[in-house]
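**Student:** Order-wise, the sequence lines are chains A, B and C.
Quick note: numbering that gives the first Met the number 0 has the first sequence finishing at residue 354, numbered continuously throughout.
Quick note: numbering that gives the first Met the number 0 has the second sequence finishing at residue 197, numbered continuously throughout.
Quick note: numbering that gives the first Met the number 0 has the third sequence finishing at residue 319, numbered continuously throughout.
Take these hints with a grain of salt, some might be off.
Result set (PhoX-like, lysine-lysine): computed pairs, CA atoms no more than 25 Å apart in a straight line [unchecked claim]:
no.: 1; chain 1: C; residue 1: 230; chain 2: C; residue 2: 131
no.: 2; chain 1: C; residue 1: 198; chain 2: C; residue 2: 235
no.: 3; chain 1: C; residue 1: 284; chain 2: C; residue 2: 198
no.: 4; chain 1: A; residue 1: 316; chain 2: A; residue 2: 247
no.: 5; chain 1: A; residue 1: 54; chain 2: A; residue 2: 123
no.: 6; chain 1: B; residue 1: 143; chain 2: A; residue 2: 247
no.: 7; chain 1: A; residue 1: 71; chain 2: A; residue 2: 258
no.: 8; chain 1: A; residue 1: 71; chain 2: A; residue 2: 123
no.: 9; chain 1: A; residue 1: 258; chain 2: A; residue 2: 23
no.: 10; chain 1: A; residue 1: 242; chain 2: B; residue 2: 143
no.: 11; chain 1: A; residue 1: 71; chain 2: A; residue 2: 209
no.: 12; chain 1: A; residue 1: 117; chain 2: C; residue 2: 205
no.: 13; chain 1: C; residue 1: 113; chain 2: C; residue 2: 198
no.: 14; chain 1: A; residue 1: 201; chain 2: A; residue 2: 23
no.: 15; chain 1: A; residue 1: 209; chain 2: C; residue 2: 302
no.: 16; chain 1: C; residue 1: 230; chain 2: C; residue 2: 241
no.: 17; chain 1: A; residue 1: 54; chain 2: A; residue 2: 44
no.: 18; chain 1: A; residue 1: 201; chain 2: C; residue 2: 205
no.: 19; chain 1: C; residue 1: 5; chain 2: A; residue 2: 209
no.: 20; chain 1: A; residue 1: 316; chain 2: A; residue 2: 258
no.: 21; chain 1: B; residue 1: 143; chain 2: A; residue 2: 71
no.: 22; chain 1: B; residue 1: 24; chain 2: C; residue 2: 313
no.: 23; chain 1: B; residue 1: 24; chain 2: C; residue 2: 302
no.: 24; chain 1: C; residue 1: 5; chain 2: A; residue 2: 54
no.: 25; chain 1: A; residue 1: 316; chain 2: B; residue 2: 143
no.: 26; chain 1: C; residue 1: 5; chain 2: A; residue 2: 44
no.: 27; chain 1: A; residue 1: 258; chain 2: A; residue 2: 242
no.: 28; chain 1: A; residue 1: 71; chain 2: A; residue 2: 242
no.: 29; chain 1: C; residue 1: 284; chain 2: C; residue 2: 313
Derived Cβ-Cβ restraints for the label pairs, each shown as a range [unchecked claim]:
no.: 30; chain 1: B; residue 1: 133; chain 2: A; residue 2: 127; range: 42 to 48 Å
no.: 31; chain 1: A; residue 1: 31; chain 2: B; residue 2: 20; range: 43 to 49 Å
no.: 32; chain 1: B; residue 1: 185; chain 2: A; residue 2: 346; range: 38 to 44 Å
no.: 33; chain 1: A; residue 1: 249; chain 2: C; residue 2: 29; range: 26 to 32 Å
Calculated directly from the structure, the hints in this document are not laboratory data.
We put the CB at the ideal spot given by N, CA and C, even for glycine.
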Amino acid sequence: MTIQFNDETFRDDYTFRNSDWAIKRFPFPFHEDSYMYSVNMEQHKGGPAGSVYEKRFDVDEHYVSEMRDRAKVLDEDPLRCQSLPHMTLAGWDLLELIMESKSEDYPDLFELHRDGNKWRWINKPLGIDDTFTFLDESTLPYGPMEYITRQAQGDYAVLDQRDDMLWMDAGMITTQADWSLDFDIGMNFFEWHAPVPLAHEKGIFIRALKFLLNVQQGAPARRLNWTMTVNPLLDTSPEHYHKWGIQKTELTAENIGQKQHLRVELQTFFRLPRSNALVFPIRCYLCSFQDLMTMPKWGRRLHRVIRDLPVELATYKGFIDNRPLMIDYLSQFDDGLPTSPGIWPDRETEPPLQK
Amino acid sequence: MSKFEFPPSIPSRPVWGTLEARSGKSHLMIADAEGAEAILDVATPEMMANTHIIFISNGTDYADKLRTLNPAQFYEGPSYPASVQRIQRVLSAAHMGLQVYLAGTESLMGQAMNEAVNAGIPHTAIQTEHRGSTARRMQCVHCKGMTENVEMDPFVCSHCGLNLFVRDHYSRRHAAYQGVCIDAEDPGNVPEPKGIYE
Amino acid sequence: MSGAEKIAVKVTEITSINDLVTRFRFERVDGGLLPTFSGGAHTVVEMDDDGITRLNPYSLMSDPYDQTSYTISVRRDDEGRGGSLYMHQKVNVGDEMTISYPVNLFSLDLRARKHLFIAGGIGITPFLAQIKQLERFNGHWELHYACRSAALGSYADELTDRHPNEAHVYYDDQSQAIDLANLLDGQPLGTHVYICGPKGMINWVKGTAEDAGWPRDNVHYEEFLAPQPGKPFEVKLAISNKVIQVGENESLLEAIEREGVDAPYLCRGGACGQCETNVIGYDGKFIHRDHWLEDEEHASGQKIMPCVSRFEGKTLVLDR
Numbered sequence: 000m001t002i003q004f005n006d007e008t009f010r011d012d013y014t015f016r017n018s019d020w021a022i023k024r025f026p027f028p029f030h031e032d033s034y035m036y037s038v039n040m041e042q043h044k045g046g047p048a049g050s051v052y053e054k055r056f057d058v059d060e061h062y063v064s065e066m067r068d069r070a071k072v073l074d075e076d077p078l079r080c081q082s083l084p085h086m087t088l089a090g091w092d093l094l095e096l097i098m099e100s101k102s103e104d105y106p107d108l109f110e111l112h113r114d115g116n117k118w119r120w121i122n123k124p125l126g127i128d129d130t131f132t133f134l135d136e137s138t139l140p141y142g143p144m145e146y147i148t149r150q151a152q153g154d155y156a157v158l159d160q161r162d163d164m165l166w167m168d169a170g171m172i173t174t175q176a177d178w179s180l181d182f183d184i185g186m187n188f189f190e191w192h193a194p195v196p197l198a199h200e201k202g203i204f205i206r207a208l209k210f211l212l213n214v215q216q217g218a219p220a221r222r223l224n225w226t227m228t229v230n231p232l233l234d235t236s237p238e239h240y241h242k243w244g245i246q247k248t249e250l251t252a253e254n255i256g257q258k259q260h261l262r263v264e265l266q267t268f269f270r271l272p273r274s275n276a277l278v279f280p281i282r283c284y285l286c287s288f289q290d291l292m293t294m295p296k297w298g299r300r301l302h303r304v305i306r307d308l309p310v311e312l313a314t315y316k317g318f319i320d321n322r323p324l325m326i327d328y329l330s331q332f333d334d335g336l337p338t339s340p341g342i343w344p345d346r347e348t349e350p351p352l353q354k
Numbered sequence: 000m001s002k003f004e005f006p007p008s009i010p011s012r013p014v015w016g017t018l019e020a021r022s023g024k025s026h027l028m029i030a031d032a033e034g035a036e037a038i039l040d041v042a043t044p045e046m047m048a049n050t051h052i053i054f055i056s057n058g059t060d061y062a063d064k065l066r067t068l069n070p071a072q073f074y075e076g077p078s079y080p081a082s083v084q085r086i087q088r089v090l091s092a093a094h095m096g097l098q099v100y101l102a103g104t105e106s107l108m109g110q111a112m113n114e115a116v117n118a119g120i121p122h123t124a125i126q127t128e129h130r131g132s133t134a135r136r137m138q139c140v141h142c143k144g145m146t147e148n149v150e151m152d153p154f155v156c157s158h159c160g161l162n163l164f165v166r167d168h169y170s171r172r173h174a175a176y177q178g179v180c181i182d183a184e185d186p187g188n189v190p191e192p193k194g195i196y197e
Numbered sequence: 000m001s002g003a004e005k006i007a008v009k010v011t012e013i014t015s016i017n018d019l020v021t022r023f024r025f026e027r028v029d030g031g032l033l034p035t036f037s038g039g040a041h042t043v044v045e046m047d048d049d050g051i052t053r054l055n056p057y058s059l060m061s062d063p064y065d066q067t068s069y070t071i072s073v074r075r076d077d078e079g080r081g082g083s084l085y086m087h088q089k090v091n092v093g094d095e096m097t098i099s100y101p102v103n104l105f106s107l108d109l110r111a112r113k114h115l116f117i118a119g120g121i122g123i124t125p126f127l128a129q130i131k132q133l134e135r136f137n138g139h140w141e142l143h144y145a146c147r148s149a150a151l152g153s154y155a156d157e158l159t160d161r162h163p164n165e166a167h168v169y170y171d172d173q174s175q176a177i178d179l180a181n182l183l184d185g186q187p188l189g190t191h192v193y194i195c196g197p198k199g200m201i202n203w204v205k206g207t208a209e210d211a212g213w214p215r216d217n218v219h220y221e222e223f224l225a226p227q228p229g230k231p232f233e234v235k236l237a238i239s240n241k242v243i244q245v246g247e248n249e250s251l252l253e254a255i256e257r258e259g260v261d262a263p264y265l266c267r268g269g270a271c272g273q274c275e276t277n278v279i280g281y282d283g284k285f286i287h288r289d290h291w292l293e294d295e296e297h298a299s300g301q302k303i304m305p306c307v308s309r310f311e312g313k314t315l316v317l318d319r
């Protein structure tokens with residue numbers, strides 16, 4: 000299908016909206032009625048047609064507006080995109096991976112023409128037609144990682160692999176769940192995850208690291224993660240927390256359905272061939288509570304998950320103060336009926352709300 | 000009494016060690032104030048023959064004691080910023096096998112470690128020992144400014160004036176802990192500051 | 000599925016390098032391009048050796064950016080279990096084979112101010128690809144390569160011809176030896192040393208570097224262990240409920256695979272940790288040969304790396 004790109008904002012007047020198509024394919028992150036950390040990795044090898052899993056790098060109706068938002072963030076604060084000097088080769092790897100994937104997966108939107116190291120890249124939605132020399136930084140307007148991630152939705156953490164450890168040595172981070180690339184760059188896997196509660200004690204990160212160190216060329220992996228955001232704000236950075244934090248207090252029983260968003264990260268992991276680095280794209284999907292409630296299964300399940308979540312997690316994810324309000328709202332959509340296993344909405348088989 | 004037992008914390012918070020003599024062709028020791036005691040504890044005449052000591056006294060009187068160790072080179076500097084160019088110069092001419100020892104405040108160790116890492120020594124190979132003040136070097140995550148000698152939590156950013164709480168999340172590259180706005184969700188509601196380790 | 004992704008290739012060239020070493024060139028069966036890789040990567044070559052499937056890792060030695068073909072060099076091991084003999088004796092130009100995607104367990108530290116390579120014998124192969132990678136980006140490197148004799152010095156002449164200032168070759172039969180202590184002594188801060196060769200050489204360089212005060216993180220080595228033959232033994236696989244026999248000339252991992260039990264693996268040389276298997280019970284002694292498990296784990300009797308390690312005794316029950 001041809002994607003109709005929205006003209007919308009993720010700040011100030013918040014005109015962001017999900018179409019029915021976008022709601023239906025929203026990556027709802029809970030496969031059962033409760034949630035705890037796990038190393039929920041699976042192979043990233045396609046998925047149901049139309050789902051966010053289908054393509055290597057999903058492009059949706061928010062693409063053009065998200066890229067506009069990213070450019071604004073970078074104009075204000077260039078430190079959101081940084082690459083330590085030894086990571087340039089990994090940047091070229093990433094550029095090649097994204098250009099190849101997008102031109103093969105969306106031939107109507109992106110084209111890549113290669114003649115040896117002379118490459119021509121056409122990005123129709125953003126109106127880009129550039130010719131450059133692969134592996135020659137002087138032929139691009141930005142470094143290779145910045146160039147391509149200004150044209151790809153989601154954040155990108157590029158991890159160097161050394162001494163059986165992953166190091167956060169480069170990244171494009173403008174849609175993050177409250178962590179700072181500028182502060183965390185150069186840290187190892189355990190260090191940048193240090194603020195996450197409970198998971199260290201459960202050995203989650205040791206197992207996750209072992210898995211990620213062994214992600215091989217040609218065999219990418221993926222998982223979902225989630226948090227909560229009031230208003231469809233993409234740039235929930237710690238840098239600007241003193242400006243956006245106040246929005247969390249503006250939630251009321253009347254506006255919660257429209258203002259409160261479930262924020263889901265589709266995290267994927269690709270081994271980069273020339274550098275042996277690992278790229279960790281973190282794609283952010285937002286969906287308002289009221290849009291989620293159009294799927295009866297998601298309504299029932301979200302209520303149960305939020306109600307039963309351990310206090311530490313609700314605190315870490317930043318919604319402990321708003322949880323009572325959320326539960327009040329969500330309980331209206333939980334009739335106590337059982338839910339089918341798995342994340343898909345099962346619109347045809349799940350019964351409508353019985354109250 | 001200058002040894003402090005830091006409470007257990009998250010994995011990004013540095014864990015300081017105890018200096019021990021290591022084999023190597025040459026030794027670079029950088030310390031401030033009470034950090035001198037750690038050098039005095041580990042020094043041997045054999046080692047001192049190939050040791051360069053860079054000492055920032057911060058008003059203490061350890062310099063003479065260190066001089067009596069008779070190191071190959073000794074420098075006493077009035078402050079870290081005044082000494083940093085010398086540290087860079089020494090590292091730029093050094094060879095593999097150089098052993099680096101850092102002792103004193105977290106701010107001194109963190110910043111000197113950064114210089115050694117930039118010169119090509121992995122941070123895991125650099126020895127440290129905390130002595131003296133437990134004040135922290137804090138980076139404001141909002142304006143990026145550094146505030147030195149922070150002992151109270153919360154504190155006011157010396158650059159942008161925001162009220163920041165003190166996190167244990169630590170960046171080796173900035174040689175600083177992270178400070179985050181404490182009253183973003185309730186402007187003006189700032190708890191009474193108390194000592195970081197109280 | 001276990002192991003890395005697979006590629007169907009055709010042998011397009013076989014070149015005898017000297018009495019012991021033969022080079023093989025692979026191209027894709029479908030005529031397409033092979034994946035690029037990073038210097039130091041290996042590929043696992045599948046061989047159907049009279050009913051036994053052998054999966055042997057070989058370092059890729061070709062230019063990592065040449066996607067038209069891969070080359071590997073195989074040293075004939077007359078004492079071994081047969082993988083190298085199979086390559087030397089049974090493989091012909093035109094044969095179709097299956098190899099894995101490149102996997103790198105010996106990559107360059109791209110932060111290094113200088114890369115110092117120390118090779119022994121056939122251990123030269125990963126460095127050939129790393130040198131090509133570094134040359135493209137004007138990397139700072141130096142090679143010291145010890146081999147038995149000029150006649151057995153694979154690629155020595157081509158290296159010294161092309162890189163007269165960087166490549167240094169030492170012949171045992173001419174009593175030439177690397178002056179290691181001296182070599183390590185003068186290196187600038189930020190130098191990384193890489194060793195590929197026999198175990199003795201690795202230990203020699205590791206030990207000398209440690210004595211000279213080199214940080215552990217600046218010393219890298221790769222030692223592929225070929226599985227060694229040994230006495231046959233019997234194993235019970237608890238999950239799949241099978242009792243299997245491990246033959247003299249096959250590894251425990253190969254025997255498990257022969258019985259159709261899917262077991263994870265990657266390097267098949269005791270290095271990567273993927274095939275780590277829990278021991279449920281045993282009566283006998285382990286012959287641990289990997290360098291993945293810690294000494295305490297070896298002593299505990301609770302874990303085994305079936306790619307290279309064996310067992311002698313009455314019973315062994317594995318969680319597989």
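**Student:** So, for every hint listed, does it hold in this structure?
**Tutor:** Here is how each hint holds up against the structure:
| no. | hint | result |
| --- | --- | --- |
| 1 | C/230 x C/131 | violated (42 Å) |
| 2 | C/198 x C/235 | violated (32 Å) |
| 3 | C/284 x C/198 | holds (23 Å) |
| 4 | A/316 x A/247 | holds (12 Å) |
| 5 | A/54 x A/123 | holds (18 Å) |
| 6 | B/143 x A/247 | holds (24 Å) |
| 7 | A/71 x A/258 | holds (23 Å) |
| 8 | A/71 x A/123 | holds (20 Å) |
| 9 | A/258 x A/23 | holds (19 Å) |
| 10 | A/242 x B/143 | holds (15 Å) |
| 11 | A/71 x A/209 | violated (37 Å) |
| 12 | A/117 x C/205 | violated (44 Å) |
| 13 | C/113 x C/198 | holds (24 Å) |
| 14 | A/201 x A/23 | violated (34 Å) |
| 15 | A/209 x C/302 | holds (17 Å) |
| 16 | C/230 x C/241 | holds (20 Å) |
| 17 | A/54 x A/44 | holds (8 Å) |
| 18 | A/201 x C/205 | violated (35 Å) |
| 19 | C/5 x A/209 | holds (22 Å) |
| 20 | A/316 x A/258 | holds (17 Å) |
| 21 | B/143 x A/71 | holds (19 Å) |
| 22 | B/24 x C/313 | violated (53 Å) |
| 23 | B/24 x C/302 | violated (41 Å) |
| 24 | C/5 x A/54 | holds (21 Å) |
| 25 | A/316 x B/143 | holds (24 Å) |
| 26 | C/5 x A/44 | holds (15 Å) |
| 27 | A/258 x A/242 | holds (17 Å) |
| 28 | A/71 x A/242 | holds (16 Å) |
| 29 | C/284 x C/313 | holds (9 Å) |
| 30 | B/133 x A/127: 42 to 48 Å | violated (53 Å) |
| 31 | A/31 x B/20: 43 to 49 Å | violated (57 Å) |
| 32 | B/185 x A/346: 38 to 44 Å | holds (41 Å) |
| 33 | A/249 x C/29: 26 to 32 Å | violated (58 Å) |
Going down the numbered hints, you'll see the structure goes against 1, 2, 11, 12, 14, 18, 22, 23, 30, 31 and 33, while the others check out.
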